[in-house]
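Q: One line per chain: the protein sequences are W and F, in this order.
Using the working numbering, the first residue of the first sequence is number 1, and each one after it goes up by one.
Using the working numbering, the first residue of the second sequence is number 1, and each one after it goes up by one.
These are calculated hints, taken from the structure and not from any lab test.
From the three backbone atoms N, C-alpha and C, an ideal C-beta is built for every residue, glycine too.
Careful, some of the hints might be misleading.
[Claimed, not checked] So the derived list for chain F, only partly shown, Cβ under 8 Å to chain W, looks like this: (1) Tyr-32; (2) Gln-35; (3) Ala-36; (4) Asp-47; (5) Leu-81; (6) Arg-82; (7) Leu-84; (8) Pro-99; (9) Ile-103; (10) Asn-105; (11) Pro-107; (12) Met-109; (13) Asn-115; (14) Ile-123; (15) Arg-124; (16) Lys-186.
[As the list claims (entries may be wrong)] Calculated lysine-lysine pairs in the DSBU-like style (CA-CA distance at most 30 Å, straight line): (17) W:Lys-45 <-> W:Lys-2; (18) F:Lys-180 <-> W:Lys-532; (19) F:Lys-170 <-> W:Lys-529; (20) W:Lys-530 <-> F:Lys-88; (21) W:Lys-234 <-> W:Lys-156.
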Amino acid sequence: MKRLLLGDEAIALGALHAGLSGVYAYPGTPSTEITEFIQSDPLAKERKVHSRWCTNEKTAMEAALGMSFMGKRALVCMKHVGLNVCADPFVNSGITGVNGGVVVLVADDPSMHSSQDEQDSRFYGKFAMIPTFEPSSQQEAYDMMSVAFDYSEQQKLPVLMRVVTRMAHSRAAVEVASEPRPENALNYNAEASHWVLLPANARKRNITLTSQQAILETDAQQSPYNRYIDGDDKSMGIIASGIAFNYVNECFPDGSPYPILKISQYPLPKGLVRQLCDACDSVLVVEDGQPFIEDMLRGVMPGNTVVKGRLTGELPRTGELTPDVVRNALGLPSQECYAPCEDVVPRPPALCQGCGHRDVYTALNKVLLDYENPRVFGDIGCYTLGFLPPFHAIHSCVDMGASITMAKGAADAGQWPAVAVIGDSTFTHSGMTGLLDAINENANITVIISDNLTTGMTGGQDSAGTNKFEAICRGLGLSDEHLHVVVPLPKNMDEITRIIKQEIEYQGTSVIIPRRECIQTFQRHLKQKKAK
Amino acid sequence: MKSDIILCGVGGQGILSIATVIGEAAMNENLYIKQAEVHGMSQRGGDVQSNLRISSDPINSDLIAKGSADVIISMEPMEALRYLPYLKKEGWIITSSTPFVNIPNYPDMEKINANLDQLPNVIRIDIEQMAKDNNIPRSANIILLGAAQKALGIEYQKLETAIRSIFGRKGEAVVEANIKALALGKEAQK
Numbered sequence: 001m002k003r004l005l006l007g008d009e010a011i012a013l014g015a016l017h018a019g020l021s022g023v024y025a026y027p028g029t030p031s032t033e034i035t036e037f038i039q040s041d042p043l044a045k046e047r048k049v050h051s052r053w054c055t056n057e058k059t060a061m062e063a064a065l066g067m068s069f070m071g072k073r074a075l076v077c078m079k080h081v082g083l084n085v086c087a088d089p090f091v092n093s094g095i096t097g098v099n100g101g102v103v104v105l106v107a108d109d110p111s112m113h114s115s116q117d118e119q120d121s122r123f124y125g126k127f128a129m130i131p132t133f134e135p136s137s138q139q140e141a142y143d144m145m146s147v148a149f150d151y152s153e154q155q156k157l158p159v160l161m162r163v164v165t166r167m168a169h170s171r172a173a174v175e176v177a178s179e180p181r182p183e184n185a186l187n188y189n190a191e192a193s194h195w196v197l198l199p200a201n202a203r204k205r206n207i208t209l210t211s212q213q214a215i216l217e218t219d220a221q222q223s224p225y226n227r228y229i230d231g232d233d234k235s236m237g238i239i240a241s242g243i244a245f246n247y248v249n250e251c252f253p254d255g256s257p258y259p260i261l262k263i264s265q266y267p268l269p270k271g272l273v274r275q276l277c278d279a280c281d282s283v284l285v286v287e288d289g290q291p292f293i294e295d296m297l298r299g300v301m302p303g304n305t306v307v308k309g310r311l312t313g314e315l316p317r318t319g320e321l322t323p324d325v326v327r328n329a330l331g332l333p334s335q336e337c338y339a340p341c342e343d344v345v346p347r348p349p350a351l352c353q354g355c356g357h358r359d360v361y362t363a364l365n366k367v368l369l370d371y372e373n374p375r376v377f378g379d380i381g382c383y384t385l386g387f388l389p390p391f392h393a394i395h396s397c398v399d400m401g402a403s404i405t406m407a408k409g410a411a412d413a414g415q416w417p418a419v420a421v422i423g424d425s426t427f428t429h430s431g432m433t434g435l436l437d438a439i440n441e442n443a444n445i446t447v448i449i450s451d452n453l454t455t456g457m458t459g460g461q462d463s464a465g466t467n468k469f470e471a472i473c474r475g476l477g478l479s480d481e482h483l484h485v486v487v488p489l490p491k492n493m494d495e496i497t498r499i500i501k502q503e504i505e506y507q508g509t510s511v512i513i514p515r516r517e518c519i520q521t522f523q524r525h526l527k528q529k530k531a532k
Numbered sequence: 001m002k003s004d005i006i007l008c009g010v011g012g013q014g015i016l017s018i019a020t021v022i023g024e025a026a027m028n029e030n031l032y033i034k035q036a037e038v039h040g041m042s043q044r045g046g047d048v049q050s051n052l053r054i055s056s057d058p059i060n061s062d063l064i065a066k067g068s069a070d071v072i073i074s075m076e077p078m079e080a081l082r083y084l085p086y087l088k089k090e091g092w093i094i095t096s097s098t099p100f101v102n103i104p105n106y107p108d109m110e111k112i113n114a115n116l117d118q119l120p121n122v123i124r125i126d127i128e129q130m131a132k133d134n135n136i137p138r139s140a141n142i143i144l145l146g147a148a149q150k151a152l153g154i155e156y157q158k159l160e161t162a163i164r165s166i167f168g169r170k171g172e173a174v175v176e177a178n179i180k181a182l183a184l185g186k187e188a189q190k
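Isolated chain F, as found in the complex (with noise of 0.2 Å):
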């Protein structure tokens, strides 16, 4: 088993708590993992990624090759293509599709979606508005995880484990609306 997969969107969007989630259902599977994370400056308002890497064999570079992620999760579309270079050929992409617009020369949203549809393994999601609609404003985020559940690999089963795990600490009330977001991340993805 082996899955690169690029997080990325803009600082202060929680890429990195859907990293922590994967990183721990691919610890308690034993699984290697690598997770280069971007601190520092850029989180305030610029572009932010992650590399995380996760494989039944040991890994080595912890950055992903061009050409060679399996994945992109994205919170953001025009963030999604700034990565598609290192996307595989066959790989998906898994974005939010609402556009998060802090610049003044942000595309035209039909440019960003004619580049999104010319590749042959896309999901798009309006997370913010799924989000809203079902009343667990903060976990926009895992509601994209969740679809890129079947692209990553990892049972669902064991993203949910990893998520009681994860948010256990803040209490029932938030692991309950991380795992609705899960669930309806993973009913996207039909």
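Extracted from the complex, chain W is given alone in its bound form (with noise of 0.2 Å):
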């Protein structure tokens, strides 16, 4: 049966055929929709998949870990950055190994179309001596996801699937299975020698995971995803990588007349790569992201191949492929086409018409007209667009949660007026323990936790903290005197603005929270009532 699906719902999709019992995520573009994809999916209902959000990445692996742990499937889906708030348990995770099959699910974000970093998730699998499968189709994706299961289980590791955003957001007809695998049942084969990495424990796990770095090699060497390719022209070597693939099959309609070398599966397959190299004059390498491949070709001696990339000009340093910038790497005349209008100017997102965040701003900026250096540590959120015009009301966005601790340590360096603006989710996420830091020194800052009721930015999933943040406030030790909630309309500009000055002037660790539903999030509410 064939359907039409997103990269990320034929994940999802794979995922539930392949006997998964849960999903742990936290939402990120491009990754939110295979979480919402099994969160609807009739079958995973109907198994009790479990699919609620999580508080963030790290909860996310942990859980999967745990659910490994017990002998059953599960997937963790973040963006790639959220590798980074995962980490710890993401590389720790290669020394306990798995016993019901894992696959953590990263979906990479080039040329940043929603991100703040190009980063990319192959070094982390490397990283952590973990095998990393990379579809190169919507329908290869669906495909390995039950080979990724399987493989986790055979090899007793977890099994990183690296996509990025053409991938994730990109629809296809893809071939699906009639027959679901069935999940797993629950066991009690892990072993605590494997999972409590005490130092004597870990040293022994340690080599058992470098050890079988050559059976991950080999296996990557032999896998149907690593393809050669032959060709009459050996002037010219090509390698593929996922999606770089499609785009070197566009280019040539009627087949390439180079050799093409397709990688889909790491640890890279260095004997297929020295079959390419000893055959062609010279290597292209093409790959979405960062030149992880073409570096580790390159090397430091100089060998005797000459490589081509992103490192020698031939394709973009920065940025996501195209079949265009690809088209100009393998030395084919572009198609004649049209010069850019000129008169077309660019359209930035806005925060929507209506939105709470709109009036924090509001707010917040005339307040601080009042001061003289005053400054705004701003978050991950829909509330970043304050940077831009008319608000320019944030000075900085790092990453989840670095508003509250930066306006901390800007408060530390003797900065006053020094106030925080963060979302719920995102304060869930990572604001609360730097809360905990600024309370216990009761350092002087103003926080903001602007509270929509959801994660907006994503398109409004649950938020983990929804009528609980004052509660988690007091719990960290903030007093009632210094803890307020207003409701951010232009009607109570008076009181919110008096409060913001109030809490700046005051010598210590405040937290305001304007709480007012996501206008996206109420416009569907009210829509999903009517249709009632």
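Make one complex out of these two single chains by using the hints.
A: Written out as structure tokens, the structure reads:
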């Protein structure tokens, strides 16, 4: 049976058909739709597959390890920067190994369509010494998911599956299985000596993991997903990983004259690479993301092979691949096209009309006019758009939760006023611990938790802390006197500005929670009510 | 058969429903499809586009190369011009004529129209007005689809069938409104 599926949906369905028992994730573009698909899939509902959103990627990764410990199959999904958040359990999961299969699905975002960096997760796979899969199409993503779970259980290691935005968010018809594999039964096969990473145990496990590397490489060498496709013209060979393979094929509708090595499974199959390099005068490495393979090929010592790619300028050093840049790298003439229209101007995204964050920034800007050098530390979410006109309201946005901790560091340095603006979901993701630091020292900061009752930027997923924020702040030790809740509406502007001013003047830690539902989810809920 | 289509507009204008209808029609024809969408932050009032490729042969790239799109379907006139380098020299632009002004420096409409006038194959329709006049205010995007039918190379009947199956869940009134919109668009392409 064929279904038209987004790459993310193909991944989700592939996992469900592979006998998944739980998906653990925090929303993050371009990975969000995987978990959303599982949340609404009938088979997942029937099987009661765990699919509720997690507080952050670290709690997600650890819960998945717990499910694996009990013998069942778990999927962890995140965007690339989420892997930084769960790097600790992720890297150590190579040392513990797994019992039930674990696939860690990471969606990278070359060109940074919705992200703050362009990091390539394949480096993490190599770093953790675990097998890495990089499907080249939606069909392969679906098919590889069950292969990945089987392989994870066979090797007793988690498998990293890396996709990129263009695969995650592109639809294609996918041939899917009619009979899903049953879930694993609970078992007690996990051994404490593998899972208790005391140095004495961990050293043994580290030796096991490092000695496994040769097997993983042999498997990659023989993987049906890594293919050597011969060509007559040996003046150049092409290494194409993941979806780069499609762009190369797009350039040669009648077949490539050059030999191509398609790579979709790592560790890098060195034998296949050598075969290509030996046969060809030069090698062009085409990969979406950072020059991961290219760098390995190049090494430090001069070799016999001429290696071309992102590091030599044949391909751009940054940004996602496109059929046009690949065409250019292959030395093919570009197609005749119109010049860009000079009258077209950029249309950046903006906070929605009627959004509560707007009222928060309006109030904050008004209050801060009274101060000489105020600094506002922003965070990750829709409200990062407060940097843009008309607000120009924030001075930083680094990673999830950094608003509070950076404000604290700035206050430690002597800055006043130091204001943090963070969303509700980002606060529970990574802001709570920073607030505890601030409260413990009564740091001179004003924290605004702009609560829109949802995870807004990724499309309105549940937010882990909804209805708990006052209790969380009190629990962390904040006094009621410096904890305020307001409703961000223009009619309340006087009250909001008065409270912000008062708490900035207070020389210690305070929290203001402007709370009003996200206008997008509000309209959606209104529609649902009408439909009933 | 092969058609490379760029759908574009401003976040929230409904380009993805156009894509869904074309995709459904193509699936029913057993054609190959690839459709790259934009999700995430840019949906908040920014420019959005989707690359839709349909073909009787397998498709490789999810993205359309420059100079190779057969059609640009745009919910907004300046947005249609944003993707001009992707259009084939003899390709078609089917666009709403109504500007969506949510930026302070939106260019003069005369300039936008002058640019469109220089191209060989352009259909401009005031879809918002047409939708209002015909009492189908929520189906403006499907008028545009109707107007693109010939340029897409998909039979009218197939699009109608796709609309029935896609909007079927939302009730007969929604289906009829969209079929009416499709027909209005078809008339406008003459």
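Q: Confirm or reject each hint.
A: Hints, verified against the model:
no.	hint	verdict
1	Tyr-32	holds, 7 Å
2	Gln-35	holds, 4 Å
3	Ala-36	holds, 4 Å
4	Asp-47	holds, 4 Å
5	Leu-81	holds, 4 Å
6	Arg-82	holds, 5 Å
7	Leu-84	holds, 4 Å
8	Pro-99	violated, 11 Å
9	Ile-103	holds, 6 Å
10	Asn-105	holds, 5 Å
11	Pro-107	holds, 5 Å
12	Met-109	violated, 10 Å
13	Asn-115	holds, 5 Å
14	Ile-123	violated, 17 Å
15	Arg-124	violated, 15 Å
16	Lys-186	violated, 25 Å
17	W:Lys-45 <-> W:Lys-2	holds, 22 Å
18	F:Lys-180 <-> W:Lys-532	holds, 26 Å
19	F:Lys-170 <-> W:Lys-529	holds, 14 Å
20	W:Lys-530 <-> F:Lys-88	violated, 45 Å
21	W:Lys-234 <-> W:Lys-156	violated, 40 Å
Hints 8, 12, 14, 15, 16, 20 and 21 from the earlier list are contradicted by this structure; the remaining hints agree with it.
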